[in-house]
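Asks: These are the residues of each chain, in order.
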Amino acid sequence: MNIKRVFTLLGKELLHGPRGFILTMTIATPLLITLVINLALGDLFSSAAKLAYFDESQSQLVPLLEENKQLHVFEYDSTEALKDAVSRGAADFGIIIPADFDNLVTSGDKVPVTTYIWGESLAKNRTIITATLLDLTHQLSSQSEPIILATVTLGDEESIPWSRRLMPLTVMMAVFFGGLMLPAASLIDEKLKGTLQALAVTPASLPDIFIAKGLMAALLSLVMGAIILLINQAWGESPLLLLLMLALGAIMAAEIGLILGALINEMNTLFAVWKFGGLFLFGPAIVYMFPELPQWLNYVFPTFYVTGPIMDISLGTQDNETFLQLGIAVFVILVLVFLISRLINRLAGEVPRQAIKELEATG
Amino acid sequence: MTQDTIVVENLSYHYGKILAVDNINFRVARQEILGFLGPNGAGKSTTVKVLTGQLRPQEGHATLLGMDITKDIERVQAQMGVCFEQPNLYEQMSALENLELFARLFNMKTFDGYALLKKVGLEGREKDRVANYSKGMKQRLMVARSLVNQAEILFLDEPTSGLDPVSADSIRNLILQERERGATIFLTTHDMWEADKLCNRVAFLNQGKIAALDTPHTLKQQYGQRSLVVEISRNGQFEERTVTLDKSETPDTVRELFSREKVVTVHSQEATLEDIFLKITGRRLTA
Amino acid sequence: MSAHLIMTLIKKDLKLFTRNQFYFIMTIVGLVLYIGMYFVMPKTMDETMKLGIYAPGMPLIENSLVNDEGIEAKSFSTLEELREAVLKNEYPVAIALPEDLLTRLAEGEKPIVTVYLSSSTTEEMKGAITALVKQLAFLATGQDMPLEMRSEVLGPDLLGAQIPWRDRLIPMMAIMILGTEILSLAALISTEVEQNTVSALLVTPLKLHHLFTAKAILGIGLAFIQVLLFMVVVGGLSHEILTMTLVLFIGSILVTGSGFLVASLARDMMGVTSWGMLLMIIFFIPALGGMMPGILSGWAKVLPSYHLVDAISRLSNYGASFNDISGHVLIMLGWSALFTISGVLTLRRRYR
Numbered sequence: 097m098n099i100k101r102v103f104t105l106l107g108k109e110l111l112h113g114p115r116g117f118i119l120t121m122t123i124a125t126p127l128l129i130t131l132v133i134n135l136a137l138g139d140l141f142s143s144a145a146k147l148a149y150f151d152e153s154q155s156q157l158v159p160l161l162e163e164n165k166q167l168h169v170f171e172y173d174s175t176e177a178l179k180d181a182v183s184r185g186a187a188d189f190g191i192i193i194p195a196d197f198d199n200l201v202t203s204g205d206k207v208p209v210t211t212y213i214w215g216e217s218l219a220k221n222r223t224i225i226t227a228t229l230l231d232l233t234h235q236l237s238s239q240s241e242p243i244i245l246a247t248v249t250l251g252d253e254e255s256i257p258w259s260r261r262l263m264p265l266t267v268m269m270a271v272f273f274g275g276l277m278l279p280a281a282s283l284i285d286e287k288l289k290g291t292l293q294a295l296a297v298t299p300a301s302l303p304d305i306f307i308a309k310g311l312m313a314a315l316l317s318l319v320m321g322a323i324i325l326l327i328n329q330a331w332g333e334s335p336l337l338l339l340l341m342l343a344l345g346a347i348m349a350a351e352i353g354l355i356l357g358a359l360i361n362e363m364n365t366l367f368a369v370w371k372f373g374g375l376f377l378f379g380p381a382i383v384y385m386f387p388e389l390p391q392w393l394n395y396v397f398p399t400f401y402v403t404g405p406i407m408d409i410s411l412g413t414q415d416n417e418t419f420l421q422l423g424i425a426v427f428v429i430l431v432l433v434f435l436i437s438r439l440i441n442r443l444a445g446e447v448p449r450q451a452i453k454e455l456e457a458t459g
Numbered sequence: 002m003t004q005d006t007i008v009v010e011n012l013s014y015h016y017g018k019i020l021a022v023d024n025i026n027f028r029v030a031r032q033e034i035l036g037f038l039g040p041n042g043a044g045k046s047t048t049v050k051v052l053t054g055q056l057r058p059q060e061g062h063a064t065l066l067g068m069d070i071t072k073d074i075e076r077v078q079a080q081m082g083v084c085f086e087q088p089n090l091y092e093q094m095s096a097l098e099n100l101e102l103f104a105r106l107f108n109m110k111t112f113d114g115y116a117l118l119k120k121v122g123l124e125g126r127e128k129d130r131v132a133n134y135s136k137g138m139k140q141r142l143m144v145a146r147s148l149v150n151q152a153e154i155l156f157l158d159e160p161t162s163g164l165d166p167v168s169a170d171s172i173r174n175l176i177l178q179e180r181e182r183g184a185t186i187f188l189t190t191h192d193m194w195e196a197d198k199l200c201n202r203v204a205f206l207n208q209g210k211i212a213a214l215d216t217p218h219t220l221k222q223q224y225g226q227r228s229l230v231v232e233i234s235r236n237g238q239f240e241e242r243t244v245t246l247d248k249s250e251t252p253d254t255v256r257e258l259f260s261r262e263k264v265v266t267v268h269s270q271e272a273t274l275e276d277i278f279l280k281i282t283g284r285r286l287t288a
Numbered sequence: 469m470s471a472h473l474i475m476t477l478i479k480k481d482l483k484l485f486t487r488n489q490f491y492f493i494m495t496i497v498g499l500v501l502y503i504g505m506y507f508v509m510p511k512t513m514d515e516t517m518k519l520g521i522y523a524p525g526m527p528l529i530e531n532s533l534v535n536d537e538g539i540e541a542k543s544f545s546t547l548e549e550l551r552e553a554v555l556k557n558e559y560p561v562a563i564a565l566p567e568d569l570l571t572r573l574a575e576g577e578k579p580i581v582t583v584y585l586s587s588s589t590t591e592e593m594k595g596a597i598t599a600l601v602k603q604l605a606f607l608a609t610g611q612d613m614p615l616e617m618r619s620e621v622l623g624p625d626l627l628g629a630q631i632p633w634r635d636r637l638i639p640m641m642a643i644m645i646l647g648t649e650i651l652s653l654a655a656l657i658s659t660e661v662e663q664n665t666v667s668a669l670l671v672t673p674l675k676l677h678h679l680f681t682a683k684a685i686l687g688i689g690l691a692f693i694q695v696l697l698f699m700v701v702v703g704g705l706s707h708e709i710l711t712m713t714l715v716l717f718i719g720s721i722l723v724t725g726s727g728f729l730v731a732s733l734a735r736d737m738m739g740v741t742s743w744g745m746l747l748m749i750i751f752f753i754p755a756l757g758g759m760m761p762g763i764l765s766g767w768a769k770v771l772p773s774y775h776l777v778d779a780i781s782r783l784s785n786y787g788a789s790f791n792d793i794s795g796h797v798l799i800m801l802g803w804s805a806l807f808t809i810s811g812v813l814t815l816r817r818r819y820r
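Chains as they are written, first to last, in our numbering: chain A, 97 to 459; chain B, 2 to 288; chain C, 469 to 820.
Mixed in with the good hints there might be a few duds.
Unchecked claim - Computed far set for chain A versus chain C, every beta-carbon distance over 12 Å:
(1) I99
(2) E152
(3) E171
(4) T226
(5) E241
(6) G332
(7) L366
Claimed, not checked - Within a straight-line C-alpha distance of at most 25 Å, the following computed DSS-like cross-link-like pairs (lysine-lysine) qualify:
(8) C:K483 to A:K165
(9) B:K198 to B:K263
(10) A:K289 to C:K518
No lab work stands behind these hints: they were computed from the structure.
Bear in mind the structure is a predicted one, so any value in this text is a computation, not a measurement.
The beta-carbon is built from N, C-alpha and C at its ideal position, and this holds for glycine as well.
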């Protein structure tokens, strides 16, 4: 292995490599997926009911609605807009706050309000919204409830908000999507076009080529992982440690990509592997999203030893187990290096095998 | 008079500002092998692409088997076999499957792929995937594919490229057999020895123009210089003398040499097509 | 002659497709996984809150809660059992009413009502339960509610008959099955270009339009068969069979056209991968709207696959008929034509 040649090849990859591919697969696609995940899955699994309101009177109910934690509230500037939102399911419930709402409430009169209910809203959401509206109206009327409420929390489990549950998935998408596809696709492409063999018979060895491709992928996915954490404001208290974990994740992604690229000879097979390997790769993220699933499943996935520590460090909850997982991640990376070196030897043997084939053919 | 199979008149083609084929004219008679010789970039492949329908002629026209290639290209292609310069085979299929595919495309009712593969020396490898073939084997398969439909016209672009001498020789024999069968053959090659051996006529292409077109023999006669290389023994040393033939003083020179010197060997020499090409165009055929 | 040429090419491509055993098996396994995912998901939608109650000697309160459609209430005979149920997360939320609740209320005092919450309960649910309990207290003391709600249900009222998650997922899974075929078809064309076998084919009686027709037929066929199989197994064809079949067929044309577009944009297989993945993700976005109505804004309706998703969703989950989705069908045909023509014209220009 020659460092200078590695950097020469790295330069070739960056300047003359598949820029379109890099842009779409390593940058645009992970960002798009992250956006979609945060936008869609967050809402999907969030248990908060959605309430739309149109306030005709600048009621004091509005600040109470905006401050409450049990509902997602959205303001609309007309009855038509509100009805449209409710009818297409953007809100479970819509309320028109009438012009003299506050006066009627404080005078103790029963206030007629027009409400719209989305036909597909769940019963519990309707119940929650109704109870919340009544509760806030009581607060507005300064009417106190006839009971004293005492709250007792039982159990040790933590309530994890969905924005946090989705983080491993978004980080993994950013790091592993491009970090894996880039070296895999690049190697397959070079094999198909015969340029890999052409390079391999120059002073640049196959290890140099693999390292250059892996390095480029790892660097790009490291940057993407860092950007995603930045977007999610999840750098936590130990940014350097976090960066180290991201780097380990990026290296692991690149290594898996190199292994796939060495083993697979055509793109269709890569697509097929991606279809299913995705489950194996993102398994830890899925287990994290659903704490009801047996958490021991995590230990099966090699990528867990990267995402677990990333989450812990990001949330500032790292402990001894975090560092143990870090150690295992390093071990996995070393095992992958060993595998890659074996594959390189096998590939290197392809050149003399081809020559033997030619000799046989000519008798 | 044999009817001309290929008639090209005032044919031109340019890629943007580059004039690849510049107003060329030629005819090829039935059962003739015409060799197209020229260095890289001379316009050989472009001419082949135009004649085989891969490109539309921009100026001039061409008829193959009496059919205009711009109007009847489908009918023309049904009578044509093409061997491309670069292999373009289905790598995940076997040799036999590749041939059978093209036989079906040509609607061949009966087709013996095994026999054809045997002809090109791929017997026993019929069911191997092309991805596992060597370069030479792929080239032989390319030639075989061009013979699938027993075409009236064959366009062979560097058919023996990458082949060892034995295989190349067998391909050349195959080409001659095809001519005997009645095919007209348009051959592009860098190998001037091959062109000399196979072709009825050769055309020298340079920068898109035909610099010369005639039989190899006539070209040599016209442009070549015949000579005798005479080896003499003098004071125990061997020396060579060259005597140019076809000059008025040649007989006297030869008589004097034989009478005065101890002649050991006499060899006649002809100009090669390479030499002739250089003479006509000022460029070498091969770099 | 044309049909013969096209059939020859289709047979060749099918042979190559099945010859890549890994890819072939993965395609089948993928389909099985999607079907499996459907059946693993629950058949019903749980639209209630589970609430445990300990209200000794107060059956009326219990009854009023049980009657609320949004609550699945269960009464516990002891406080310990109630706490146990909360700890085990069987009833993440529970309320314990004191025995002397009614007496204290009658005397104008404020009794203490304890709300037990599982530690994994979300903040939203904690707030919701608190509000609910307070309103129940008002009700229990016979106080009038301050609001008189005049409610109108917009759209079909599915209370008590909610569409289960697995059925909501049907359009998304159908799109995922179809979407991956964009890559397959684009790869089918791009491989011929990269290996330059197109040139070899074009010097035979086969012409470009035969080639494109063969690829299109194969692409549509593979996409359609997969998605149809999926829909048959998951019961997606139980309503308006012909209309749904037509929609799926046009969806297959749409993804095939997209495959042509990707093949025309890409110069090699890496280009196919990157452009194809990007287009696939864009295709998936409207599918999220099928799962969660209202999540997507109007801009999503601009995306071609929106019409496919909405048509499938309406037919399979909302009992729509052909008339209801005919507009979608037309728009899908329009997009299909646009993609296919753009792709084909660009590809043709490369070979002219």
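Asks: All hints, please: hold or fail.
Replies: Comparing the hints with the structure gives:
Distance check for I99 of chain A against chain C: the nearest CB is about 27 Å away, which clears 12 Å, and the non-interface claim stands. Consistency note on E152 of chain A: stated as away from chain C, and its beta-carbon is indeed over 12 Å from all of that chain's, at 15 Å minimum. Look at E171 of chain A: its CB is around 16 Å from the nearest CB on chain C, clear of 12 Å, so calling it non-interface holds up. Taking the minimum C-beta to C-beta distance to chain C, about 7 Å, the non-interface status of T226 of chain A is violated against the 12 Å cut.
The Cβ of E241 of chain A does not lie farther than 12 Å from every Cβ of chain C; its closest approach is about 4 Å, which violates its non-interface assignment. The claim that G332 of chain A lies off the interface holds: its Cβ sits roughly 21 Å from the closest Cβ of chain C, which is beyond the 12 Å cut-off. Listed as a non-interface residue, L366 of chain A fails to keep its Cβ farther than 12 Å from every Cβ of chain C; the least gap is roughly 8 Å. Taking the CA atoms of K483 of chain C and K165 of chain A, the gap is near 59 Å; set against the 25 Å cutoff, the hint is violated.
For the given pair, K198 of chain B sits about 35 Å from K263 of chain B by alpha-carbon distance, which is inconsistent with the 25 Å threshold. Taken as a hint, the K289 of chain A and K518 of chain C pair is broken in the structure, with Cα atoms around 62 Å apart against an allowance of 25 Å.
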